[in-house]
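J.: Same order as they appear, the protein sequences are chains A and B. If you count the first sequence from 1, you need to add 24 to reach my numbering. If you count the second sequence from 1, you need to add 5 to reach my numbering.
Note that these hints are calculated values from the structure, not bench results. It is possible that some hints are incorrect.
What the hints assert, rightly or not - Okay, the calculated beta carbon distance ranges per label pair:
{"#": "1", "chain 1": "A", "residue 1": "G148", "chain 2": "B", "residue 2": "R961", "range": "32 to 40 Å"}
{"#": "2", "chain 1": "B", "residue 1": "S791", "chain 2": "A", "residue 2": "G148", "range": "46 to 54 Å"}
{"#": "3", "chain 1": "B", "residue 1": "D886", "chain 2": "A", "residue 2": "G148", "range": "21 to 29 Å"}
{"#": "4", "chain 1": "A", "residue 1": "E51", "chain 2": "B", "residue 2": "K953", "range": "27 to 35 Å"}
{"#": "5", "chain 1": "A", "residue 1": "E51", "chain 2": "B", "residue 2": "E854", "range": "42 to 50 Å"}
{"#": "6", "chain 1": "A", "residue 1": "S35", "chain 2": "B", "residue 2": "D886", "range": "17 to 25 Å"}
{"#": "7", "chain 1": "A", "residue 1": "D66", "chain 2": "B", "residue 2": "P932", "range": "31 to 39 Å"}
Think of the CB as a built atom: it goes at the ideal place given N, C-alpha and C, for glycine as much as any other residue.
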Amino acid sequence: MAKILLVEDDSILVEMYQAKFELEGHEIEIATNGEECLQKLDHFTPELILLDILMPKLNGFHVLKEIKKRPGMRQIPVILLTNLGEAEVDMNRELASALGVSDYLIKSHHTPDEVVSKAVKALGKGK
Amino acid sequence: MKQVALENNLERVQADIAKITSATSPTRVLRQLNRALARSTKTQVAGFCFDTTGKPEVIDETNLATELRDKLKYPTRTQLEQENLSGDHSSWLKPLSKINSNRLNVLSIANDHQLYGAVIVVANDDLEGGHLLLINLLSSQAAMTMKALHLRDLAKQAAAETLALQRITRAITNSLDGDKIVKTLLDNAVKLFKVDAASIFLNDGGTSIYRIYRSIGLTKRYIEGITFDSQSPRIKQVLQEAEPIQVFDMRTGNLSDQPSLVLKEGIASAMFAPICSEGRLIGAFSVYTKQQRHFTDSEVRLAKSLADQSAIAFTNAELHADIIKVSAEIDQTRNLMQDGLLVVDLERSLRYHNAAAGRILGLDSTSQGLPVGEAIMEHSRVAETSVIELDHAVDGALRGESVRTTFSDRGIEPCHYEAVYSPYLGPDGDTIGVIINIRDITPLYLEREKLRTIQDNIQDGMIMTDINGIVTELNDEWSSLLGLSGDPIGRPLIDTLTSRMVRFDRDPKLIMEQVLQGKRLMGYGELDDKHLQVSFGPIIRSGQVAGAVVTARDITPLIKKTVEANEMAAKAQRHLRELSQLADLTAVVGFNVHGIYQKYLAKISSLVESSVVSIYLYEPATQELVRQAALGEKEGDSERLAITDSSLVVRAFVARKRLASNSGTDQSTLAVPIMHHSKTLGVILVGRKRQDYGEHEARLLGLVAMRLSVLVENASLFHEVNSRRERWEAVFRFTDEGIVIFDREARIVGFNPASVAITQYDVVDAIGKPFTRIVKTISAEGTDMSNVSPIKRALQEGVTITKSEQLVEARTGGRIWTEISYSPIFDDAGNVTSGIAIIRNTQKDREVEEIKSDFISIVSHELRTPLTAIKGFLSMVLKRDFGELTDKQSHYLSRVYQSNQRMIDLVEDLLESSHIESGKINLSVNPVAMEGIIAEVVAEEAGKAAAKQILIKVNRRQRLPLILADETRLRQILVNLVDNAIKYSLPEAEIKVDFKVKGDELVTTVTDEGVGITPSQFDRLFTKFGRIYNPMSVQAGGTGLGLYIVKNLVEAHGGRVWVTSREGRGSRFSFSLPIAKQLPLLK
C-alpha cells in the first residue's frame, strides 16, 4: 500500500493505470500535466511518482528537475513512463539516470501489471 | 821737318802698302787698310767689303770708338753705287750723322770699276788733301789686293771644279754601274756647289711621279716625302726649257708641293737640273743650301753639264744592264738546253759543246780540239756504226746539206737520240763548220712503241690516214670489224667505208673533210647486225693537221643493254607515277565521304586508265550494294544491286576476290572488293574499251580499295562516335545530376550546367581548378573534408567510390546534401587517365525524408498511446482482473492482444527505421564483451524459444576479444537475429550462435534449421519491408523491418551482414564487428 502520484495527460491511460494500481491496493493521485503535478506536490508527498514525459504545459523532464530541487522530495522514486520511441529514450537515458530516475519505461512495451511490479520494486528500493 | 815727316810718311805708306798687299784674305786687307788709315789720318775708320751677293759682309770696326760701333749701318753694293752716282748722302748714313756731329767720309774701295767695299772715315772736319790722297792710294791698293785675292780664289775654285768635274766625268765614262755614278755625282756635287745637300730624282716605276733615288745631306723624312709630278704645269715648263732652274728663296719660289717639308728641312735655296735623254725626262739633279744664295752662271752651267752627263750615264748603265742580262740569259739557255749542241770546224775538230752534249756523248773539256769522231769514240757511249754515220753526216753538212740521223746509246735502258747536222755559215755566208744538234727522243720513241702496242692490242678498230685521207696504217681489229678482204693501205679511207655498205648517221665524206680541218667528230654506223661507234679525230703534228685517225667500236651489246635499260626505266617511271598517285590518295583524308569518293574516282580513272569508275558500298539493312559515286557512263545514277544479283560487282563482293571480265574489243571491266580486315565493305568497279585489265592493274586497284576501306571505315566510325558524342553531350548538358570530369591530377576538365547549379561556380571558374576546391565537401559539422576526398582513391586505385551522404558547400556559402560517386576513366591499356564525378542533389530527397521521418515519429507516438491502452486493458481483462472469462472470450481476446502487440512492434520498428534513415543513430562505441550481451539476449529470448521448444545453443570455445560496439545496438542486432531464427524455426529445432575471429573482426553467426531462403531473395532480405514478399514472413508475424534495421546498425559500426541459406534446411545470418585493439596502456 503506497501513495502514488500518476502524472499522465491521456485520460484513458490514467484510467487504465489507476484501475490497476487501485486493484493492487495502492492509492493513486492524478495529475494531468506538469504544472498540476507540481501544484499537487505542494501539499502532498507521494511515495512514488509515475511521470509521463510528453505532456502539455511542462514536460516530464522539467517536472523531474523541479522535484529534485525540492527538499524532502529528492528521495521519492520516480518512474518515467513514455511512448517515445526507443531511439529518443536512448538519447534521454543518460539525462534520466543523472536525475536519479528509478526506471524509464516505454508504455507500449509493458502491461500495467508489469508497470505495477516495476513500481513495487522501486518502492522497495526507496525504503 | 816736313820733308822728314814726308819721308817718314812715305816709308810708312810703303810699309802700309806692303802689309795690305801681302794680306792673304779680304778681311786682313780691310784690317790693314783701316789700321793704316786710322793711324795716318788720326781719325776713326771703319771699313767693309761686299760678299758675292753685294751685301756688306766683311766689316772691320776695330778702329772705331766703342760708342760708335754698331751704330753704323753699312750699304749694299747697289746702295753705294747709287751714292756715288748721285753724290747725295744716302739714307744709310743719315742716322749716324744725327747722332754725332762728326763728318762722315765714305770712300769706296774700287779698282778698275769693280767696287769691293768702302771705308768710312769719321772726322771732325773735312779731310785735308794729303789725307784724302793717302786714303785713295791705300784704298786702291787694297782694292787691287782684293782683286788679286779674288782672282786667286776663282782660280782655286776653278781648279777644284775641274777636278770634281773630272772625277764625275771619269766616273760616268768609266763605270756602267748607275749606283756608283750617282754616288760619285752626289759626293762631288756637295763640294763643287758648296751646298749642304744634293739629290737625284728618278722616275717612279713608269708613272709621272719622280722620287729621290739617292741623296746626300737630306733627312729620311724629306727623301720619302718629296716627289714631283712631270705632268704638273710648273715642271712641264721646266722640261720644255731643259735648263736648270734655281730657287733663291724656297719659301716663296717653291717648286715643291710639300712646302712644310722644305721648311722643316731648313732649305733656303736650291737648284734643279732636269736629266733628259732624247727628250725623255729621266730624273732631276738638285742641290740644296741652308743659306740663301744665288747660284752663279758657271754653277748653273755646271749643273746642266752634270745633268747631261748623268743622262748619258744612266742610259749607258741601262743598256749595260740589259746587255748583261741578255748575255746571262743566253749562257744559261745554252747550258740549260735539253738538246746537245756541238760545233765542229772545217777540220772536223770539236770547237764547242754544251752541257747537254757533254752528258749525252760523254764529252768533257779535254775533248775540245779533237776530231769529233775521235772525241766521241774515246768515250764509246755510242755504237761504232753510229760514229761512222756521224762522219758521213758531217761530210754532208760541210757540203751544205742538212742531215738527220738517229742513234742509241748502250745503256741498260737505252736512250734514243736524233742528230741534226747543219752547215755553220760565217758572216760572209761561207760554211765555216758544222752545227750538230742532238735531241733526246727517248720519250718520243717510247710513246711510239706504246702507240704501236696500243694499236696491236686495242679492241677497237683503228685506221689512220694522211692529210689527203689516204690510209696509212690500220690494225687487225679494223679489218675484222669491217670484214675487209683486201689491204686498204694507200687507198682513200672513204672507199673502205663505202665498199662495206656501212650505214652512217651522216655522210662520212663530210665528216672526213671536217676532221681534216682539225675537228673531232663522233659518228654512228650500222653494218649488217652490228652497231658501230666511230670516232674521227685529226692527227696533229707541230700544230698542223697531218692526217686522221678513225676508231670503230662494236657497241652492239651496249645498244642492246641500253634498249633494255630504257624499257626498265619506262617501267620504273610508270611505277613511280602509280606510287605517286597512290601517295596522293594517302593525302585524301577526312570524313566527308562524298568528297573523298570524287577524288578517288578521278585518281582511279587515271591510275588504271579507265573511263568508267564506280564505288559500291554494302548496306546491311537492305542487303544491297548501293553505288555511292560514279564516273563515266553511269554517273549520277544510284544503282542498287541485290546480294543475289549475278553481276560482276556482286560476285566480286560475295567471293571477296578481284574479278575481271575481259571481253577483248568490247568493254572490259574489273571489280575489286573493298575489304577492311575481314569485313567486306563494298566494291570498286572500273571499265574501259579495247584493253583488258592485267594482273598489275588489278593489284593496283586492290591497293586503292584497301586505302579507301580505311577511309570508309573511319568515316562510319566517325559518324558513330559523333552521334554517341552528341548523345553524351545531351546527357551532360541536360541532366539534373552534376557531372564533373577531372584529369589524373584531379583538376577539373569538364563541368556541366547541373554542376554549376550545385556549386554556384561558372564553367570558366571551374575548369582547370582542383576538384576539391570547386566541389567543396564538408562534414555535417561544417569542417572541410577535401583532404579526405575519395577522388584520390578513385584515381589511384581505379575504383568507383560513392558517398551517399555528402554535404557540399557552394561558392555562395549555401550547403547542399548530395550523393557523389567518383569513378575512374580508363584508357584502352587499362590505365586511369581521368575520372568522372556524378553529383546528385539529394537535398530535396533529404528534406522529404526528414518530413517523412518527423511524420512517422509523431504518428507512431500517437499510435502508441491507444495501442498501450488496448494492451493494458486487455492484459488486465485477460488476467481476470475484472472477473472470469469464458474460454472463447479468453481465446479471442488473446488474439486481439497478439494483434495489438504486432501493431506495437511495427510501430516500434517504423520508428527505428525512420531514425536510421534520418541519420540520427548516435552510436556510443566502447569496447564491449560479447559474452555478457549474448547471455542477456538468450535469456530475453528464452521465453519465446521455450514456447516453441527451441534450444538456443551458444558455442563459445574460447574467450572472445572485446569488440567496438554500442552495447544497446549490439543487443538490438542480436535480438533481431535470434528473434528471427526463432520465428522461422520449426518447433523443437535448434538455434546455434557461433563466433569466429577473422582478421581484426569478430564474426557472429546465428544459424537456424528453419525454412531457409532462396538465393534470389537474398538481395531483398535486408531492404525495408523486404520480407513482405516472403509469404513465410507474414505467417511468422515479422514487420519486415528487422533485418533492414540490423543491416543499418551493423554498417553504422563499420561491419558487414550477410546470409547463407539452403531452402528447407535453414539459414545462417552472420555479421562482423571490429575487434577493439588492445591499447598499450591496458597491457
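J.: Could one say that the CB atoms of A/E51 and B/K953 fall in the range 27 to 35 Å?
T.: violated, 42 Å
J.: Falls inside 31 to 39 Å, the C-beta gap from A/D66 to B/P932?
T.: violated, 48 Å
J.: Is the distance from the Cβ of B/S791 to the Cβ of A/G148 consistent with 46 to 54 Å?
T.: violated, 59 Å
J.: Is the gap between the beta carbons of A/E51 and B/E854 within 42 to 50 Å?
T.: Given range 42 to 50 Å: holds, Cβ gap about 48 Å.
J.: Given the range 21 to 29 Å, decide if the beta-carbon distance of B/D886 to A/G148 lies inside it.
T.: holds, 22 Å
J.: Is 32 to 40 Å respected by the C-beta to C-beta distance linking A/G148 and B/R961?
T.: Given about 35 Å between the Cβ atoms, the range holds.
J.: For A/S35 and B/D886, compare the CB-CB distance with the range 17 to 25 Å and indicate the outcome.
T.: With a Cβ separation near 19 Å, A/S35 and B/D886 satisfy 17 to 25 Å, so the hint holds.
The structure shown violates the earlier hints numbered 2, 4, 7.
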